[in-house]
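The listed protein sequences derive, respectively, from chains A and B.
With this note's numbering, the residue at position 297 of the first sequence is 297, and numbering never jumps.
With this note's numbering, the residue at position 106 of the second sequence is 434, and numbering never jumps.
It is worth saying that the hints were derived from the structure and are not from the lab.
C-beta: ideal position from N, C-alpha, C; glycine also.
Check before you lean on any hint, since a few could be wrong.
[Said to hold, decoys possible] Heads up, simulated BS3-like pairs for lysine-lysine below, C-alpha to C-alpha not over 27 Å straight-line:
#1 24/A x 219/A
#2 407/B x 24/A
#3 219/A x 378/B
#4 378/B x 226/A
[Unchecked claim] Facing chain A, a subset of chain B residues (Cβ under 7 Å, in silico):
#5 344
#6 362
#7 366
#8 391
#9 436
#10 438
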Amino acid sequence: MEATVVKTGTEGKTWGGGSKSPLKASYGKMMMWFFITSDALTFSAFLAAYGFSRFKFIDSWPIADEVFNHFPFLHGVDAPMYYVALMTFILIFSSVTMVLAVDAGHKMQKAKVTLYMFLTIIGGLIFVGSQAWEWKNFISGTYGAVETKGGNIVQFVDTEGERIAIADVAKVLPEERVLHERKNGLWYTTDGEALPSFSINEVKEGFKSHEDFLVRVQKLDENGAKTILSREESLAMINDNAIRVVEGANLTRNEYGPPLFADFFFFITGFHGFHVFTGVIINIIIFFNVIIGTYERRKSYEMVEKVGLYWHFVDLVWVFVFTFFYLV
Amino acid sequence: MAHSASHNDNSAIKRIWNVFIILSIVTIVEVVLGIIKPAFLIDNTFIYMKLLNWIFIVLTIYKAYYITWAFMHMEHETKGLRRAVVWTAVFLVSYLVFILLTEGDYIYEVYKSGHVAWNF
Numbered sequence: 001m002e003a004t005v006v007k008t009g010t011e012g013k014t015w016g017g018g019s020k021s022p023l024k025a026s027y028g029k030m031m032m033w034f035f036i037t038s039d040a041l042t043f044s045a046f047l048a049a050y051g052f053s054r055f056k057f058i059d060s061w062p063i064a065d066e067v068f069n070h071f072p073f074l075h076g077v078d079a080p081m082y083y084v085a086l087m088t089f090i091l092i093f094s095s096v097t098m099v100l101a102v103d104a105g106h107k108m109q110k111a112k113v114t115l116y117m118f119l120t121i122i123g124g125l126i127f128v129g130s131q132a133w134e135w136k137n138f139i140s141g142t143y144g145a146v147e148t149k150g151g152n153i154v155q156f157v158d159t160e161g162e163r164i165a166i167a168d169v170a171k172v173l174p175e176e177r178v179l180h181e182r183k184n185g186l187w188y189t190t191d192g193e194a195l196p197s198f199s200i201n202e203v204k205e206g207f208k209s210h211e212d213f214l215v216r217v218q219k220l221d222e223n224g225a226k227t228i229l230s231r232e233e234s235l236a237m238i239n240d241n242a243i244r245v246v247e248g249a250n251l252t253r254n255e256y257g258p259p260l261f262a263d264f265f266f267f268i269t270g271f272h273g274f275h276v277f278t279g280v281i282i283n284i285i286i287f288f289n290v291i292i293g294t295y296e297r298r299k300s301y302e303m304v305e306k307v308g309l310y311w312h313f314v315d316l317v318w319v320f321v322f323t324f325f326y327l328v
Numbered sequence: 329m330a331h332s333a334s335h336n337d338n339s340a341i342k343r344i345w346n347v348f349i350i351l352s353i354v355t356i357v358e359v360v361l362g363i364i365k366p367a368f369l370i371d372n373t374f375i376y377m378k379l380l381n382w383i384f385i386v387l388t389i390y391k392a393y394y395i396t397w398a399f400m401h402m403e404h405e406t407k408g409l410r411r412a413v414v415w416t417a418v419f420l421v422s423y424l425v426f427i428l429l430t431e432g433d434y435i436y437e438v439y440k441s442g443h444v445a446w447n448f
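Let the hints inform the model, and build the full structure from the sequences given.
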């Protein structure tokens, strides 16, 4: 082997390699950084794809304030963004406790690392729970809407432009509604899609009888609000084009607007939520390692620092998701 | 490198709390702007985008800087590691965003100026 060693003349220099590590970081920490870089590119791809679809439907994209306006225990109160702002604070604060744990680790203070790791885990769990609640509201929906032949979503409003729930529009008709099941010839699909609360005929009849109800379409007007049609246009739209009642959201259709909107919501916040979830799991593992004194024996808390990097990355991604999904 | 912080105990902790305050204030500013939506920030645009959206994006990058530099201790890493991580992401993401948004806008124009109606 000796014979194959080539002298480069750069021994002793940084770029000469040898025993020196040019980046002055341990293998584990450096690999965590490179993993984070690649993961950041994955998230960027999701967000850029979201931007692509949004630019494609720039004049008809749903308005985030109208979709995400729930707050726990405040039913029917319009609270745009308060809840996501709260979630952002929870995550930033759990980042603070994490970096405090890392700092205590540098000083070999086991008790402090334990406490701060514990607080970080609690913060992460609260965040995941909040996200689940957000999903629940998104999936169940608030007002309901109808879908047209062209796949557009049409929502109901009164003359002041206030949204009206589909239950207040529809008129109950004495008709029989049957869930189309597999055994009656609905093949290659499951029986999952339940009947909506009202049939499209009930909505059409009800809309005809409420003289002061209007509809609004997805197109944004010059003020950035959804365009409200006149009574004649509304009647024509509902009678000629409406084919389906849509309540809540799934991957195929949603009551907020283009199907892509819900798809990206589920994908991006879901992928982020999965990262938070795995971050909590990894934090718990390290937390127990701290308790049993693994890192005291190792005389280094670098493991806490490495999971800390991952945890901060989750926070970093949320900052971008928050901006591009809820603010912009 | 990280151990250099451990000798001056309180300055590291003080910096953590300072950064937390900065991040909180920026988030509050974002939420307030997002709720009141000042008219002049919406009516005026800069390179095809509302001023308000530019403010959101700049503030987001500002927050990202503090999270990466202070919380993830990027400021204590060597220049080589810092550039390997940050430049890779920044240049690739800029390119990806540019190309996808341009394409998205092009498709929007096709939908708008084409002879097919989408309002049914």
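Going through the hints against the structure:
As the CA atoms of residue 24/A and residue 219/A are separated by approximately 55 Å, the hinted pair breaks the 27 Å bound. The straight-line distance between the Cα atoms of residue 407/B and residue 24/A is roughly 10 Å, inside the 27 Å bound, and the hint therefore holds. Proximity of residue 219/A to residue 378/B is assessed by CA-CA distance (about 18 Å); at most 27 Å being required, the pair is judged to hold. Pair hint residue 378/B plus residue 226/A holds up; C-alpha atoms about 18 Å apart against a cutoff of 27 Å.
Hint on residue 344/B holds. Least Cβ distance to chain A is approximately 5 Å, under the 7 Å limit. Nearest Cβ of chain A to the Cβ of residue 362/B: about 5 Å, under the 7 Å cut. The hint holds. At a threshold of 7 Å, the smallest CB-CB gap from residue 366/B to chain A is about 13 Å, leaving the interface hint violated. Evaluation of the residue 391/B hint against chain A yields a held restraint, the C-beta minimum of about 5 Å falling below 7 Å.
Contact between residue 436/B and chain A, as hinted, is supported at the beta carbon level, the nearest pair being about 5 Å apart and thus within 7 Å. Taken as an interface hint, residue 438/B does not check out: its beta carbon lies about 9 Å from the nearest beta carbon of chain A, beyond 7 Å.
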